[in-house]
Amino acid sequence: MSVWFMLLTFPIMVIRVNTVQKTVQWKWERMFMLGVGVFFLSYLWRYLMYRKENRPKDEDKIPWNQRLLSEKKYFYPFISFVFAFSILLPFFVSEYRVNVLITAMIYVVLGLGLNIVVGLAGLLDLGYVAFYAVGAYSYALLNLHYGINFWLALPIGAMLGALFGILLGIPVLRLRGDYLAIVTLGFGEIIRLILENWGKFSKGPSGIANIPKPGIIGLEMNRSQSILFIYYLMIALVIFTIFVVERLQNSRLGRSWVAMREDEIACQVMGIDRMRTKLAAFALGATWAGMMGVVFAAKTAFINPASFTFMESAMILSIVVLGGMGSILGVILGALVLILLPEELRAFSQYRMLIFGLSMVLMMVFRPQGIISNVRRSYEYHEPAAAEGD
Amino acid sequence: MAVEPSMAEKVLDIRSMTMTFGGLKALQKVDLSVRQGEIVGLIGPNGAGKTTFFNCLTGVYPPDSGDILLVPPDRKAIRLNGLKPNRITEKGMARTFQNIRLFQNMTALENIMVGRHCRTHAGVLGAILKGPHTRAEEKEIVSISYTLLHNVGLGQFVNEQAKNLPYGAQRRLEIARALATDPFLLLLDEPAAGMNPQETERLMDLIQTIRKSGVSILIIEHDMRLIMRISDRIVVLDHGVKIAEGVPEEIRKNETVINAYLGADEGAA
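Chains as they are written, first to last, in my numbering: chain S, 1 to 390; chain R, 1 to 269.
Possibly wrong hints are sitting among the right ones.
Pulled a few chain S residues facing chain R out of the computed Cβ check, cut under 10 Å [unchecked claim]:
| hint | residue |
| --- | --- |
| 1 | 203 |
| 2 | 204 |
| 3 | 249 |
| 4 | 265 |
No wet-lab data here; the hints were simulated from the structure.
Don't be surprised by glycine CBs; every beta carbon is placed ideally from N, CA and C.
Build the full structure now, drawing on both the sequences and the hints.
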């Protein structure tokens with residue numbers, strides 16, 4: 001295998017034509033390095049494959065993440081540690097880092113929102129960023145024309161997101177799987193193109209600037225204070241989102257979403273209204289995107305259509321898939337990894353997409369269920385049933 | 001719609017239902033009725049249209065013509081044609097599938113809890129706020145589902161994922177899930193397929209128990225021993241046409257039925 005790779009990359013790696021001196025440089029040592037490197041990598045690959053195939057033995061062992069969340073003696077210290085850590089963090093890191101963290105948290109919420117649609121209800125939505133754009137533009141435009149402040153725009157953005165979710169959902173949700181993905185992809189592009197070309201309405205590609213940051217009445221904040229404020233606001237929103245998504249997941253509605261994902265026909269025959277259930281998922285997912293759009297507009301103070309390309313949708317989808325579909329903790333980790341790592345690895349920025357793609361491929365091969373797979377809630381029920389059953 | 005006195009005790013009345021797929025006549029003017037507390041068997045060779053019949057009944061396919069009337073106890077008949085599957089289930093008719101269609105990655109208990117969906121009401125706000133009403137409802141869902149699970153003999157599998165259940169258990173879980181929708185008429189599509197004799201025996205007990213609880217049953221089955229033993233009445237389909245109807249004894253001796261199964265020449269029959 002390594003010999004094959006050496007041959008394959010021979011022209012690129014080894015031969016170097018110096019056009020000025022018209023000589024050819026032979027770099028044999030590179031070829032040697034590559035050969036050795038590929039040789040070891042192939043062993044690593046085989047080892048991982050071997051491990052993957054021999055895993056099912058320890059299946060009844062409870063995974064650490066489930067233990068962390070289900071057992072109270074681990075859960076409370078863990079959650080309070082994370083909370084304290086995130087509260088204190090901005091005092092120890094630079095303003096720039098805090099900004100990055102805010103972005104990461106925006107993506108956490110976006111990921112959790114999309115998780116409702118993709119992870120729970122199993123509807124592949126490739127145009128999620130459209131709702132994000134709706135939220136951002138609703139704040140920017142409402143503020144521009146009517147001077148509406150951030151706090152009012154937050155619920156309005158969320159509601160507009162939900163409204164667009166329903167409007168898009170009604171015609172589109174009759175489709176399944178791949179077809180749905182294509183149409184939502186198209187919808188995402190339509191929204192972006194409208195924003196780009198309808199200059200009178202959205203100011204076109206030049207975007208909207210000077211969007212005010214959120215504030216508290218009667219309190220003047222300077223730049224760094226307001227960043228700090230947004231940071232804490234985002235922590236609150238993340239907690240709120242986790243709370244809501246967790247409740248939804250284990251509710252009657254959440255069960256019907258999962259059932260819908262598992263088997264649509266069986267689900268209908270069990271008395272679940274298909275359209276209603278799907279619409280609820282779509283609208284609720286879009287709500288979070290709309291809300292985050294408002295925060296995003298407030299954070300960057302400037303928005304234009306270029307912020308809402310398909311790459312954003314793909315990014316959010318990657319967060320959900322990489323983190324683990326349907327798993328809250330997984331999605332949070334996924335968002336932090338995908339947003340924070342590229343920032344920390346600026347040195348390798350030219351290889352970013354390469355690493356990104358490679359890690360996705362490796363993930364799908366070795367851990368298709370994501371970093372943390374979704375664990376269905378277990379119910380405990382004993383007392384009256386035992387009496388009735390006998 | 002007026003209810004004739006003679007059909008007062010029928011829970012399901014199908015009149016000349018026809019279904020075609022392109023040129024293929026899957027069902028031709030089939031009449032069938034199920035009376036309160038009755039177990040009706042629906043048999044026929046492969047491809048006779050039995051499962052299509054179920055699919056038309058439950059709204060998976062809309063039938064081309066004919067009337068499907070469902071008569072809930074002490075209430076007026078409801079015409080089911082054109083209703084969506086979920087509405088039909090709400091009316092009180094539930095079914096299982098020939099090829100098991102459980103929600104594979106949900107636990108056994110959750111599968112049944114999904115079945116409770118159409119009898120409960122909590123919405124988005126209820127789920128988020130989790131007020132006392134939602135809590136009570138949720139508790140009720142769990143307790144009913146648990147009891148059902150227990151009653152079909154799967155108590156030990158509560159939190160096991162459906163896909164990990166043994167085959168026979170999956171079939172029983174499907175029945176429990178259907179029962180969770182509070183039906184008065186249960187359609188079973190080959191519930192004994194792939195079961196060993198002991199499992200089939202237990203299944204028959206289960207079906208009898210369900211009937212005793214007041215649910216009428218329409219059952220498709222290939223296992224002749226089972227169908228002859230539990231059915232009160234049997235309807236035979238062949239090539240989409242009803243060729244015989246009667247008590248098991250009559251069907252056993254019926255020439256047309258024997259020929260249909262043995263594939264004798266129709267002219268000779």
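Proposed interface contact between residue 265 (chain S) and chain R, which counts if any beta carbon pair is under 10 Å: holds (6 Å)
Status of the residue 204 (chain S) interface restraint (C-beta, 10 Å, chain R): Because about 36 Å separates residue 204 (chain S) from the closest Cβ in chain R, which is outside the 10 Å limit, the hint is violated.
Hint check, residue 249 (chain S) versus chain R [nearest Cβ-Cβ separation less than 10 Å]: holds (9 Å)
Status of the hint placing residue 203 (chain S) at chain R (closest C-beta pair under 10 Å): Hint violated; residue 203 (chain S) Cβ to chain R Cβ min 35 Å, cut 10 Å.
Of the hints listed earlier, those the structure fails to meet are numbers 1 and 2, in rising order.
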